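Trainee: Sequence:
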Amino acid sequence: MLIDDGDCATRKLGDCSNLCVTYSYIPPDAASAIAHCSAFNAFDGCRDLYFRFDQDGCVSAVGPGPAGWDEDLPSLRECLTDVFANERFPCLGSKIFSYHESCFIE
0 MLIDDGDCAT RKLGDCSNLC VTYSYIPPDA ASAIAHCSAF NAFDGCRDLY
50 FRFDQDGCVS AVGPGPAGWD EDLPSLRECL TDVFANERFP CLGSKIFSYH
100 ESCFIE
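Per numbering that gives the first Met the number 0, the very first residue in the sequence shown carries number 0; after that it's consecutive.
The set of hints was computed from the structure by calculation and includes no laboratory data. Careful: at least some of the hints might be erroneous.
Unchecked claim - FRET-style restraints, in silico, Cβ to Cβ:
(1) Asp14 with Pro73: 20 to 26 Å
(2) Ser101 with Asp55: 29 to 35 Å
(3) Gln54 with Asn85: 14 to 20 Å
(4) Pro89 with Cys45: 18 to 24 Å
(5) Pro89 with Leu1: 33 to 39 Å
(6) Asp6 with Ser101: 34 to 40 Å
(7) Asp43 with Ser93: 31 to 37 Å
(8) Ser93 with Ser31: 21 to 27 Å
Just so we're clear, the structure is a prediction, and the values are computed from it rather than from any experiment. Note that beta-carbon positions come from the ideal geometry of N, C-alpha and C, so glycine has one too.
Between the sequences and the hints, there should be enough to build the whole structure, so can you do that?
Mentor: See the structure below:
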């Protein structure tokens with residue numbers, strides 16, 4: 000799903016301190032920009048989210064893993080999209096930010 004990044008130059012700078020590019024669990028003490036999204040961590044569903052950033056650090060798209068959008072972490076996706084769509088993260092410039100939900104194995 001494409002995200003409008005046309006206002007990228009006017010977005011405030013996001014806090015890049017301690018911001019990783021890959022998570023399987025967002026801890027409550029994660030980078031301040033996404034810490035509140037830890038309330039939406041999910042477990043044992045084997046789902047993924049991928050956020051693509053342009054060269055300036057603005058999110059340009061979000062995509063699901065192989066499971067598609069059907070049940071693909073909607074609350075976490077909304078939370079992260081809200082953060083990323085309103086700020087610019089130079090540390091994520093030209094990178095993919097990903098969240099990989101753990102898988103339940105019996």
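Trainee: All hints, please: hold or fail.
Mentor: Okay, the hints, checked on the actual structure:
{"no.": "1", "hint": "Asp14 with Pro73: 20 to 26 Å", "in the structure": "holds, 25 Å"}
{"no.": "2", "hint": "Ser101 with Asp55: 29 to 35 Å", "in the structure": "holds, 32 Å"}
{"no.": "3", "hint": "Gln54 with Asn85: 14 to 20 Å", "in the structure": "holds, 19 Å"}
{"no.": "4", "hint": "Pro89 with Cys45: 18 to 24 Å", "in the structure": "violated, 32 Å"}
{"no.": "5", "hint": "Pro89 with Leu1: 33 to 39 Å", "in the structure": "violated, 21 Å"}
{"no.": "6", "hint": "Asp6 with Ser101: 34 to 40 Å", "in the structure": "holds, 35 Å"}
{"no.": "7", "hint": "Asp43 with Ser93: 31 to 37 Å", "in the structure": "holds, 32 Å"}
{"no.": "8", "hint": "Ser93 with Ser31: 21 to 27 Å", "in the structure": "holds, 23 Å"}
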